[in-house]
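First to last, the protein sequences are chains A and B. Take the first sequence: its letter number 23 is residue 22 in numbering that gives the first Met the number 0, and every next letter is one higher. Take the second sequence: its letter number 80 is residue 79 in numbering that gives the first Met the number 0, and every next letter is one higher.
Since the hints were made in silico from the structure, they are not lab data. Wrong hints could be hidden among the right ones.
When chains are identical, the list treats them as one kind, so a pair holds in a single copy or across two.
Claimed, not checked - Mimicking SDA-like on lysine to any residue, the simulated pairs with C-alpha atoms at most 25 Å apart in a straight line are: (1) 142 / 198; (2) 58 / 77; (3) 168 / 202; (4) 142 / 200.
So you can see what is in the structure, the chains are spelled out below.
2 protein chains.
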Amino acid sequence: MKVGILGSGEVGQTLGIGFARRGHDVTIGSRTPNSEPLKEWARKAGPSAKTGTFAEAAKAELVVLSCLGSAVDEVVALAGPKAFDGKVVIDTTNPLVFENGSPPGLFVGLTDSLGERVQKQLPKAQVVKCFNTVPSSLMVNPKALGPRPEMLICGNDSKAKSRVTAILKEFGWSGAIDVGGIDGARWLEALVPLWVRVSNAVGTWNQCFQVARA
Amino acid sequence: MKVGILGSGEVGQTLGIGFARRGHDVTIGSRTPNSEPLKEWARKAGPSAKTGTFAEAAKAELVVLSCLGSAVDEVVALAGPKAFDGKVVIDTTNPLVFENGSPPGLFVGLTDSLGERVQKQLPKAQVVKCFNTVPSSLMVNPKALGPRPEMLICGNDSKAKSRVTAILKEFGWSGAIDVGGIDGARWLEALVPLWVRVSNAVGTWNQCFQVARA
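Chain A with its partners taken away, still in its complex shape (with noise of 0.2 Å):
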């Protein structure tokens, strides 16, 4: 199959590599595919592999775009929205935003969370943003998801987490992973309209996300 790749940072030369190493003719498409860390990358992927512009890449049976995010828009306008008619795309593109440093945002909105409106309508209160990603039926009896399950939790008060963590512990949890402020709650409520899909996919409401270490 020929595979073009659109966006030659670190996902695009992954990928390449991964098609190419399968026999798949790949061309890697880029402002600069003359550029010595492409040349380097093609002789890594092997001979099935080369680099192109854009719209050279764009020619192939199937389309990878792994641009930046914030790159999109030019990166199909340079390959010709015309070159993608009829084609698989692979999107791998995520709208980050890093406004305010790391951890990011996205350009696409979730600048609010329920949890954050409830922090704000109770200043005096330690809010902990915890058990929304996971069904009830998990809740105090989480031994079924595997020997360490996991919770994720966020909130202000590092004490308040604490409390919480020997709460989950109490219930059978093996810990919290703590992604933050309470503004974290923004990803774990976005969590869950995933969950839903996830559950119609699977066939069941017994299953959560956990994190799972390579």
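Position chain B relative to chain A; hints supplied.
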């Protein structure tokens, strides 16, 4: 410890029993504390559990907010915001909206995604969101995650998703969890700010979310 639970639905009842069975004094707060289902809950939960108004439940030293997301403002008002001062509040709520039926969105935002924008820009291409929720170290080398690593994908075209699933299997994934149309990209993309926060918390970028079935 005295625990007050605001909201007597499935989540409140489950956590209430979880606390009560471990010896904590639990008051579950409700608009209708004397309803038959709540009396039944109290019998099941045992002698350290009782029912009360939201204001009565909020007197506890630790408060769990477990009402519907859309009811948070009202429940806090009924409990009396001052009751929360100085206390740990476990917020389990989610700002779900079912405007377009199930699966839901969030009333705090996310009505767009980069995946949808790409599909709109390329109306005659079959866009599949894929690879955006895992680090590049795992994209073509997922076995380190465990024996059955799964990728989250979405897109409007079933055949395109089948083709992408075949590619994933070539790369060592056991398969894909298909969360639906390209609007699912809202939630796949929202996983990434959370993934960065989890990386900070667990001290490695070589991790990703996997769906654990109970």
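These are the hints, each one checked on the structure:
Taking the closest pair of Cα atoms, residue 142 and residue 198 come within 25 Å of each other both inside a single copy (19 Å) and across two copies (23 Å). In this homomeric assembly, residue 58 and residue 77 come within 25 Å of each other (Cα to Cα) only inside a single copy, at 12 Å, whereas the closest approach across copies is 62 Å. Taking the shortest alpha-carbon separations for residue 168 and residue 202, only the inter-copy value of 21 Å comes in at or below 25 Å, while the best intra-copy value is 29 Å. Taking the shortest alpha-carbon separations for residue 142 and residue 200, both the intra-copy value of 23 Å and the inter-copy value of 22 Å come in at or below 25 Å.
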